[in-house]
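*Asks:* Start from chain A and add chain B according to the hints.
Each chain, letter by letter, is given below.
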Amino acid sequence: MQIRALKTWAWVHKWSSLVCTAFMLLLCLTGLPLIFSHEISHLLGNEVEPPELPSNTPQTSMDKVLNSAKALYPSRVVQFVFRDMEENNSWTVSLGKTAMSEDDTKFVKVDSRTAKVLQEPKFNEGFMYVMFKLHVDLFAGLPGMLFLGLMGILLVVAIISGVVLYAPFMRKLEFGEIRKNRAPKLKRLDTHNFLGVVTLVWALVVGTTGIINAWADLVIKYWQFDQMSAMTAPYKGLPPPTQLASLQAAVDTAQAREPAMRLGFIAFPGTDFSSPHHYGMFMRGDSPVTSRLFKPVLIDAQTAKLTDSREVPWYLATLLISQPLHFGDYGGMPLKILWLILDIFTIVVLWTGLVLWWKKRHHTAHHQIETQQRVALNQAYASRSSSG
Amino acid sequence: MPSKTLLQIFKWPIVLGVLTLVGLVMTLLLEGGWLELTFVAALGVPVMIMVYIYCLKDLFRRSPN
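So the protein sequences, as listed, match chains A and B. First residue of the first sequence: 1, per the numbering used here; consecutive thereafter. First residue of the second sequence: 1, per the numbering used here; consecutive thereafter.
If you're looking for bench data, these hints aren't it; they were derived computationally from the structure. From a predicted model like this one, the values you see are computed outputs, not experimental measurements. Careful: at least some of the hints might be erroneous.
Below, computed lysine-lysine pairings styled on DSS-like, alpha-carbon distance capped at 27 Å [said to hold, decoys possible]:
hint, chain 1, residue 1, chain 2, residue 2
1, A, K295, B, K11
2, A, K185, B, K4
3, A, K180, B, K4
4, B, K57, A, K336
5, A, K187, B, K57
6, A, K14, B, K4
7, B, K11, A, K70
8, B, K11, A, K14
9, A, K7, B, K4
10, B, K57, A, K185
11, B, K11, A, K7
12, B, K11, A, K185
13, B, K4, A, K187
14, B, K11, A, K172
15, A, K172, B, K4
16, A, K97, B, K57
17, A, K172, A, K7
18, A, K236, B, K11
Pulled out of the complex, with its shape left as it was, chain A reads as follows (with noise of 0.2 Å):
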């Protein structure tokens, strides 16, 4: 390759490296408590699991559910129902002061046998939930989110010219061989380079996929306006409904429309999910893929009657595949346990990185004083014997 180009590439991974490594350092930081949050919630004994019951235990109406939540607190709106994918004993009711506040949200654990409170989450408070903030948006909402998918691109920016810049480096090398006892900045290249390289497409991965992630709030809102505007036209207008219907009926509707899907969330009328008129029911499929992908169909609050239901449209479920490829929650802890040493070792890709350029920086500021200081003294010395 020309040397011209060479440097123009090795410009570029300096420069997108430089910008994004403090905050791709603070990812993978945060990342690695959040690979095993569901572990770490029950470690902490913050995860009280539904009791053992015989299997055959019914289950019992969304509607005891959803007043065993509401009795504790009989001033706020319903927001949410909803439960994990694996879970089936067990609904999470969330509360809001109105169907859209944000902030201080109540969350209940009701058993669905017995529509007994299990416990109250605090899913907004607590050592992981400062992860996750940090993680996902610095604590500074929307513009954070964008603001941590533009250090994403950068971060691509920079593999990619990584990529480029590795060839050069390894004429003469053999793969894998990390020159250990020769210069620490031999040791500090060769590492940055083959850690490098190997964890090369799953940095990639776990970078687009968050690029992509960090678009979430963007896509759902265009989303609302693209569909869910649509599903919900004939009610535009129509005061929202005084009395609601009965969640369980509005559930074996959704259920009837659906047959072969499972209801993943329930979105109260008012909130992001749902119109001031409609229950938005969010079922999954049963397949890997269509398990991750949520089909909304619209129920009509006041009278439990179906509205509208449509297939997610292809941003939407571009974003929910691509969230398991970010989070590494799908091939149970063996997946995990890959997902944290990766991470590690992109942490040392990175730090390697930093202070290959810290030091070589220093080196020719240090070069640079000494070439200084040489010229003062020979001009010393020359205007010295000039005149004398």
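*Replies:* Relative to chain A, chain B alone:
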């Protein structure tokens, strides 16, 4: 050592990259099935090679002495 060609330089990175990608995607497509673990293992190969070369190789070399 003579200068290596591009193909020689990128041979192993490509093999490990393909294993990583196949492992990541197929595990997602086959989630829950018995084949799933096979593809988690495909992703495990590059990781094990990395751990071996970076952390363990020297230990093994030193141990006989």
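*Asks:* Determine for every hint whether it applies to the structure shown.
*Replies:* Tested hints:
1. With a C-alpha separation of about 43 Å, the suggested pairing of A/K295 with B/K11 is violated against the 27 Å cut-off.
2. A threshold of 27 Å between alpha carbons decides the hint, and for A/K185 with B/K4 the separation of about 23 Å falls inside it, so the pair holds.
3. At most 27 Å may separate the alpha-carbon atoms for a hinted pair to count; A/K180 and B/K4 meet this at roughly 21 Å.
4. Restraint check for B/K57 and A/K336: the C-alpha separation of about 24 Å stays at or below 27 Å, so the hint holds.
5. For the proposed pair A/K187 and B/K57, the alpha carbon gap of about 15 Å is at most 27 Å, so the pair holds.
6. Between A/K14 and B/K4, the direct Cα distance comes to roughly 25 Å. Compliance with the 27 Å bound is thereby established for this hinted pair.
7. Straight-line distance between C-alpha atoms of B/K11 and A/K70 comes to about 61 Å, which puts the hinted pair past the 27 Å bound.
8. With a C-alpha separation of about 25 Å, the suggested pair B/K11 and A/K14 falls inside the 27 Å cut-off, and the hint holds.
9. With a CA separation close to 21 Å, the supplied pair A/K7 and B/K4 stays within the 27 Å bound.
10. Taking the CA atoms of B/K57 and A/K185, the gap is about 20 Å. The hint holds against a cut of 27 Å.
11. With a CA separation close to 25 Å, the supplied pair B/K11 and A/K7 stays within the 27 Å bound.
12. Under the criterion of a C-alpha separation no larger than 27 Å, the hint pairing B/K11 with A/K185 is consistent with the structure, at around 26 Å.
13. For the hint linking B/K4 to A/K187, the alpha-carbon distance of about 20 Å falls within 27 Å, and the restraint holds.
14. For the proposed pair B/K11 and A/K172, the alpha carbon gap of about 15 Å is at most 27 Å, so the pair holds.
15. Between A/K172 and B/K4 the alpha-carbon distance is near 7 Å, which keeps this suggested pair within the 27 Å criterion.
16. Our distance criterion of 27 Å between C-alpha atoms is broken by A/K97 and B/K57, whose separation comes to about 59 Å.
17. Distance hint between A/K172 and A/K7 is fulfilled; the C-alpha atoms sit about 20 Å from each other, no more than 27 Å.
18. As the CA atoms of A/K236 and B/K11 are separated by approximately 61 Å, the hinted pair breaks the 27 Å bound.
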